[in-house]
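Here is how the chains run, residue by residue.
Number of protein chains: 2
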Amino acid sequence: MQPKLAPLAECPCARAVETVGEWWSILILRDALQGLSRFDEFERSLGIAPNMLARRLKHLTQSGLFERRLYSERPKRYEYVLTDKGRDFFPVVVALIGYANRHLAPEGASLLLAERETQRPIVPIVVDAVTLQPVTAEGATVIAGPRASTELRERLAARHAATQARSN
Amino acid sequence: MQPKLAPLAECPCARAVETVGEWWSILILRDALQGLSRFDEFERSLGIAPNMLARRLKHLTQSGLFERRLYSERPKRYEYVLTDKGRDFFPVVVALIGYANRHLAPEGASLLLAERETQRPIVPIVVDAVTLQPVTAEGATVIAGPRASTELRERLAARHAATQARSN
Numbered sequence: 000m001q002p003k004l005a006p007l008a009e010c011p012c013a014r015a016v017e018t019v020g021e022w023w024s025i026l027i028l029r030d031a032l033q034g035l036s037r038f039d040e041f042e043r044s045l046g047i048a049p050n051m052l053a054r055r056l057k058h059l060t061q062s063g064l065f066e067r068r069l070y071s072e073r074p075k076r077y078e079y080v081l082t083d084k085g086r087d088f089f090p091v092v093v094a095l096i097g098y099a100n101r102h103l104a105p106e107g108a109s110l111l112l113a114e115r116e117t118q119r120p121i122v123p124i125v126v127d128a129v130t131l132q133p134v135t136a137e138g139a140t141v142i143a144g145p146r147a148s149t150e151l152r153e154r155l156a157a158r159h160a161a162t163q164a165r166s167n
Numbered sequence: 000m001q002p003k004l005a006p007l008a009e010c011p012c013a014r015a016v017e018t019v020g021e022w023w024s025i026l027i028l029r030d031a032l033q034g035l036s037r038f039d040e041f042e043r044s045l046g047i048a049p050n051m052l053a054r055r056l057k058h059l060t061q062s063g064l065f066e067r068r069l070y071s072e073r074p075k076r077y078e079y080v081l082t083d084k085g086r087d088f089f090p091v092v093v094a095l096i097g098y099a100n101r102h103l104a105p106e107g108a109s110l111l112l113a114e115r116e117t118q119r120p121i122v123p124i125v126v127d128a129v130t131l132q133p134v135t136a137e138g139a140t141v142i143a144g145p146r147a148s149t150e151l152r153e154r155l156a157a158r159h160a161a162t163q164a165r166s167n
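Just so you know, the protein sequences line up as chains A and B, in that order. With numbering that gives the first Met the number 0 as the guide, the letters of the first sequence map in order to residues 0 to 167. With numbering that gives the first Met the number 0 as the guide, the letters of the second sequence map in order to residues 0 to 167.
Check before you lean on any hint, since a few could be wrong.
If several chains are the same, the list does not tell them apart, and a pair holds so long as it fits within one copy or across any two.
[What the hints assert, rightly or not] Straight-line C-alpha distance at most 25 Å; calculated DMTMM-like pairs for lysine to aspartate or glutamate: (1) 57 to 150; (2) 57 to 78; (3) 84 to 137; (4) 57 to 17.
Everything labelled a hint here was simulated from the structure, so no lab data went into it. None of the values given here were measured: they were computed from a predicted structure.
Same shape as in the complex, but just chain A:
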């Protein structure tokens, strides 16, 4: 079951969650980012029911992460090609892989990220684009953006006050 997002509409994290839709979608995107594009390729890779796969591909296409492209006239067959918006989801997949290899593989990793050219393993970290310093829960916070509503500004101020009070 997914969140009802009405009270969360201004949260970018919730917005991303809503756009991608379901966990399956992350795994479809993971495969697409590795070069898969055809229905039967996704089906085989994921072991997913065809109706479920069709539904997820349709949602991701409507959300603008895939473009459907005809690759065979007879029979009519489509492939699903990542758009820039779809390709840019890569850092999320990378962050999930980094997390899993750090915390969910106590006996060692089965799969590693690597440079495509050299096959050298990569350890992904999230940094600020300007300072290249890691973004940590201790060092980062959220602030109102240019389009924040009055209500959001008030909620942020209230939460800020609450967590300040707690840490004193």
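Got chain A; can you put chain B on it based on the hints?
Here is chain B on its own, set in the frame of chain A:
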């Protein structure tokens, strides 16, 4: 509905998805990383049904992302404190926020990441810890890790051959 993960057990991305469990969990973690810890704080922030919230908190505690701690004797009340394993989920939340602000906020962002000290906005990117170069779909791939099964090694080799053939 969540993936049946049997054929995906070796994929770190699928493992992460399975551990966190549901979309709600990401939003709970997002709030916890901002300093919330009490049941009623999560309930108010998310507008989530209490039984659903209790279930998610239990799952995240069993998965080792939260530690339950007594903070009031009468009445007995617990708070949910992030463990290192929970806190380290932050980069995933950050990557989702970065994605959303880049692609899902055409009229401008409501919420921005910022340095806690200075309130300077942060633009998060995912880089390799060694080279500090961005990890991109074009430049990165996945390779077998030390614990990869024979089957996984074969699948990776087959996929590699297939995408090579396609791009030629």
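Honestly, which of those hints from before does the structure not fit? Result: hint 1 breaks, nothing else.
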